[in-house]
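Can you join these two chains into the complex? Each is in its own frame, and there are hints to help.
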Amino acid sequence: MRDATYDVVTIGGGPAGMAAALAARQAGADRVLIIERDRELGGILQQCIHNGFGLRKFKEELTGPGYADRYIEMVGAAGIDVWLDSTVLAAEAGGRITCVGPTTGLATVEAKAVVHSMGCRERTRGAIRIPGSRPAGVFTAGAAQRMVNMEGYLPGRDVVIIGSGDIGLIMARRMTLEGARVRAVFEIMPYSNGLTRNIVQCLEDFGIPLYLSHCVVAVHGHDRVTGVTVAEVDADLHVKPGTEFDLPCDCVLLSVGLIPENELGRAIGVSTDRITSGAVVDQFRQTSKPGFFAAGNVLHVHDLVDLVSNEAEIAGRSAALFAKGVFGEATHERAVIAGEGLRQVVPQRLSTLEKGKNAIRFFFRSKAPMGPSIIALKTEDGIVWDRKLRVVKPSEMIVADIPVNRFAKASHIEFVLTLDEHPEPLEGAVEEEDA
Amino acid sequence: MGEMRGLEPISSKADVVVIGGGVVGCAIARELSRYRLDVVLLEQAPDVATGTSKANSGILHAGFDCEPGTWKARLNVRGAALYAEIAEGLGIPRREIGSLVVAHSDADLATCESLLARGRENGVAGLEIWGADRLRAHEPSISADVAGALWAPTAAVVCPFLATVGFGENAIRNGAKIHTECGVTGLVTAGGRIVAVETTRGRIEARFVVNAAGVHAADVARLAGDDSFTIHPRRGEYILFDRSTGALARSVLFPTPSKVSKGILVSPTVHGNIFIGPNAADVDELDDVETTAPGLDEIISGARKIVPDLPLQNAITEFAGLRAAAGKDFIIGESPIVKGLVHAAGIQSPGLTSAPAIGEAIAEILADLGLKLTPDPTFVPVNPHRPKFTEQTPVEQMARIAADPLAGRVICRCETITEAEIVAAIRAPCGARTIDGVKRRVRAGAGRCQGGFCGPRVTAILARELGIPVTAVRKETLESWLFYARAGLEIREDIDA
Ligand SMILES: Cc1cc2nc3c(=O)[nH]c(=O)nc-3n(C[C@H](O)[C@H](O)[C@H](O)COP(=O)(O)OP(=O)(O)OC[C@H]3O[C@@H](n4cnc5c(N)ncnc54)[C@H](O)[C@@H]3O)c2cc1C
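If you read the protein sequences in the order shown, they are chains H and G.
Numbering follows my numbering, in which position 403 of the first sequence is assigned residue number 403; successive positions increment by one, without gaps.
Numbering follows my numbering, in which position 283 of the second sequence is assigned residue number 283; successive positions increment by one, without gaps.
Here chain G stands alone, though its shape is the one from the complex (with noise of 0.2 Å):
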């Protein structure tokens, strides 16, 4: 039996609350938690990554697409440049795998060396225009019908999931609070100013807020009587393959861009999966995460102008993120209406490159709107290392099992995630609360199976560490308990796993 994991009682004050376990939430706490200050994050939902970090295409773009002089251009390169440095001591899974924006017709070309020049004037590295045949030779799968193509060398793919991991637990390593399962209800102002947060579990005292809400970030600004910004959520579906089809391509495919988004893409995804999508449509609710079959049919037309040959007999799921539309730039900055209240807000592409650049913009406002920032000299910028079971070598595998019989004991067999590996993503700071949370920190779970011979095992497992009843345990949401008692039976507790 694991120690009982209820959720812990919520802090009463802090020197800055950051609302929203999005990436860049957990950017920003993890910024914030270099220095000596009280840093909480709240997050609404059970576990961090359950908003638009957790559904978009996991690429750090190279940033030649922005337009010169905005945050997005100076952040995105910014941020690029950091997950190169930082990623790999956070635990988050990068692949420097480069990006080709492929051009079909002159005019396609045209594009890209416009967008050459761009990315020049923004500092990117490495742009080169490449012809047909060389960029045949890359990618063998492509279609027969391109003309040529923009190779970007920096551009990377990344975990999003685990770089929100990765941040939140470097947080709190550096001791950062993150509440779950917190909504924030109320802000509450005196003069102007921002004196404290109400959330669903009790009220926090702060003169400094960060609204890092994502799609909800508009309404969070309307709870302290800002109405400077809407938010408009545009979603993006994706379609996703078994990794038996990963030879499909190599880099990271673009079509040549429309003004409205970067189009529909062939990646590799960090884990050697091949993904498709996203398109782009608006939609009314602020959680309209629904997959449709017409949105599926012309992520797949569209991704056919790339790659013909798509193994749609692979595919394992299929899933769609919000974009928070909101201008053409990030929202960054004090509220124009309340004092101490300070967006990151409408970030859509790049979001997820530019995430601990934001963190340093938002540091340096706070710190102009007069919060004292101290180093802290204990701060540990890394997370303890978590080797996979299957990335060490039989004699570090054996050690492993020697000291822990769990880590040779394999639950997900599709993956080949250990039981050990799983206990240790539940208990690790930051750790995993739900079904989802356990699939997209150690991939149980994520495999071409999706669950179907793990996810009872794995629920089980989720029931001991936390101490809660097996009709308690949830797929991702508050309310997305999985399994009830069956009639007439008492709740057993202690199903194998």
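The following block holds chain H by itself, in its conformation from the complex (with noise of 0.2 Å):
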């Protein structure tokens, strides 16, 4: 059995992984490990071949794989450990990672600190339960771009593609390119839960049809899929009797939400939070076991990559600080609420405040799509803080970042989300946009 201690080690060589790790060796971290069970760092950006990866991050247009490219090499070049193909199987509180892998073996690893960055995975069908028969030919979106994209087969001829997350809108438009016929976009919503460049790059250039509040209420086949059957629904999501019509398809990609991968934090008891399914944390990073920080899709799932690396820097440094005894266990002292109009908040906590920070970044979702309108820190002395915002979906987080003198002392952090009673014409865009 290799056994080995670190300073840092993290779990998941994608983008999150890889910053942290970065960031942990720039922060005086001296003995850094990324463990990652695929045979190459990268994460999924390795099967997403098409651009739009790192405007903000090298203010450069970048694949998938050129921007994990970018973080491979300078994660070659700080001395960082990496061990491949490797798998972790248990993280226990304390530091104590056993992990295994065909040239590895079993090995264990202490760790000082350790960052979950294992990433997020697809829901399924049988999640959302769509009836009908089990016929081949129904994949997840990501599995589906994995066999074109890197294995080189095609997962279907004639697609139809059930919900309206990106990975699916990046699918209807590889598909098409790869010469099969994709015949629709189902999505239940009322809305597209897609960025708004997606859907016009990947379906409206393509002349792919989005039908919002409809849903796939059966699949059909024996051998392979052969068709769906789809329905309108109503404001309560329940199917429109005499709305369903057929189409034929072999193939069925679902597009309908990922989930963070965090099993390992679960099983040491991490809370977590029931909106994001990641874990509950500061605005280090840190969970509520210490020394275990998060950060990237495991924690919440992202739209863009540049943001998850931002992200895991911050989870990187502070894990580096906590492996040096600089700080310690989180507090988690205060409460951020995501109050009305918003779904989710990242981080949920907020432990003591570091000597010399001047703003903290805070990630939000919105409950629904709203027009203009105006997000909005709520203390205990009222408003401290806001921001107008053009446009607000769902499915594009809002990132802002806030002035740590706004809510310094106050015990009550609440986070509002209402519509803007008198819009302005703005200059130049205040929100964080979909690159």
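Among chain H residues calculated to face chain G with C-beta under 10 Å, some are:
id	residue
1	Ala127
2	Leu154
3	Arg266
Quick caveat, the hints were computed from the structure, so don't treat them as lab data.
Here a beta-carbon is modelled for each residue, glycine too, at the ideal position from N, C-alpha and C.
What follows is the structure in structure tokens.
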């Protein structure tokens, strides 16, 4: 058995794990390790061969593998250890990690601080209970993407896509470019769940219809999918009788949501947020378990990799400081509340503020799409900060860097999102737009 | 590269041909493999257990609800006892968790009392009536309005798929042959007696044929001109939940039964998931295993009567199975019309439980019909133990990886299944040939992500081990190919696992 000791170990070598490891090195951690189960670093980026990555981080438009390569190079240059083809079986409180791989065998690692950066998984057909038969040809969009882009096989030739999540939209374009016919995208909500740019560039540019308030009520076929039955739904998401229609196809791709792959966190009893399904963290991205940090899609599902990298830098730096004993266990003393209009906020807690820090970055998602709106911070002293937003969609994260002096002493910290009664024409977008 | 694993040529003659690779057919083949006989089992699908035997409640019923004196009553109790003896040796996961028939009213309690009396008559041990308090202490998630329950400690859960594979593998180890992708298309008779079986892959001479074709058993009988029974498929739908919900029920929870079925239950699986179902709906087609929105709603509301707080957000899959409804009892015995044709038909619940006992009964019947049963002294009643990686100690795990590096590569992250376990499941006798076959044998893809992550990897491993292109890998049925070659690209046979 291989045994080793590290200051910081990141579990998962996607964009979050790599950025956290780099930040940990920069913050003075001597021994840093990335454990990755795949055969290369990069995580989901490696199958995202379209571009649109890195506009913020590198001020360049890169593909997924291109973005990953930048980080892989930096990781290589920074003296960070990387174990590939290694799966973490357990990471116990106290920092003892057990992992397994064909070359490493069964290994244990003692880590002073651990960053969870395991990413997310796709919600499945079973989870949303699409009735019908269970033939070949039903795939989650991400699994199909891997097959097409990394292995060179097509999951179908005549495709229906369920759900308007970003991977589904990207796959609509990919499959079209591969010569498949993409019949339509069906979204059960009255609004789309992907980035606006993807609706435009992946559907509209190719004439692929997006049906809102529609769901697939049955999948048909014995050996291979032969078609689906689709229906319109009402405001309560119930099928409107009589609206059913059949559509032939040989493939159904599902893009119905992503769920943090937070099992290692749950296994050690990290408190989790019922809404995000990720850990509850403070502004340092420390969880309720001392020395365990989390960043990226395992914490909350992001739309843009650049923001994942930013968030992971916070976690990596904090992990390094924890390893050095500069700061300790999270105090999580103040709760951050996602109030009216908001579905979630990260971080969900504030620990004792760091000296010299001017602003803290918060990530939000709205409950519903809204027109011009105002996001505001309410404390016991009333509204202490606000900002106008041109338009709000649940699928597009709201990001705000909020000056610490506004809430330094507040005991009640609640964000609210309300309609803007007096929208003004805005000079340059102030909200975080999708790039 | 694994050796090429195409379809082996089929036998041209046999002492006994068993039609149908469900749990019943496989248990019969395994029982007959004790004797010096050429036994051949024919299955039309690429794998065993693709019919009813893969989609049922997986319960080894204690045996209190069968009418005394029936085949069902006799074979249920005997079958349950046999599993207790042989399951472990055959690699069939089994947990004796007991069952509860939950009563909501005095009338229900009276039914429980009569089930108790019937169970004693059938020879079921340990039955007790429990009051509401005891029931609640045992099952904290149970509905507040329960009145009591019938407790049957001998009820167990098994993996019905691995039960079928366990019997099938043991039959092969003891000399039987299992030909898959071999559909029976004709039964040849001469002078009112079976003489041969015609299949999609050729003809087999045999004087004894056992019909264990599940919902197709009446069609098979008709191939020989026997129309003595008919089968009506009756569908039952299920919802399966993630393992994180395992605390919801400790034992099998039945509602108090109605006349037609045991009702919609809430139960742990042997693997520690929870499932709810089945309902009961007559369908027209013998392959109609579609789930329906009203059907799923029906089982949700049925299950809520027992456990009100269902974790619907943790559902991982829905599926349906077909009961081969024929009459009140199993149809076991020689055809009234064709000599040498023996039926094991109309095997509804408790067919899974009864399967090994059906094997014994069929052997006796064949002996009565003149088949000579000479025990084979080389018979080995067990399969080699294939431990799960996650259930081994660190020392064992290290030794295993040292011997085979693939034991260190986790392919299915939800269930922590290694490449070595997948390869072993493919290479074993009665081995996996499809994605679903791998999933059901070793649970790669059976977890919360349902193969989203490991599906492409398992596809590559199957292609490599079977020596077939990725485009020839199937999900489950004969023509359920998963992937097409990308236009303009050569087929790459060597993609990474
Ligand atoms: C909803 C439901 C719940 C149940 N729950 C339980 C339970 O909890 N406990 C219990 O004990 N029992 C239960 N049962 C009953 C049990 O599942 C069945 O009795 C058992 O699986 C029947 O096995 P079989 O081998 O007869 O049929 P099958 O598994 O259907 O096997 C028949 C096989 O024959 C093959 N075949 C058919 N025609 C041909 C042909 N012409 N040529 C070649 N092959 C052919 C088919 O492909 C199939 O593989 C349940 C059943 C259902 C439907």
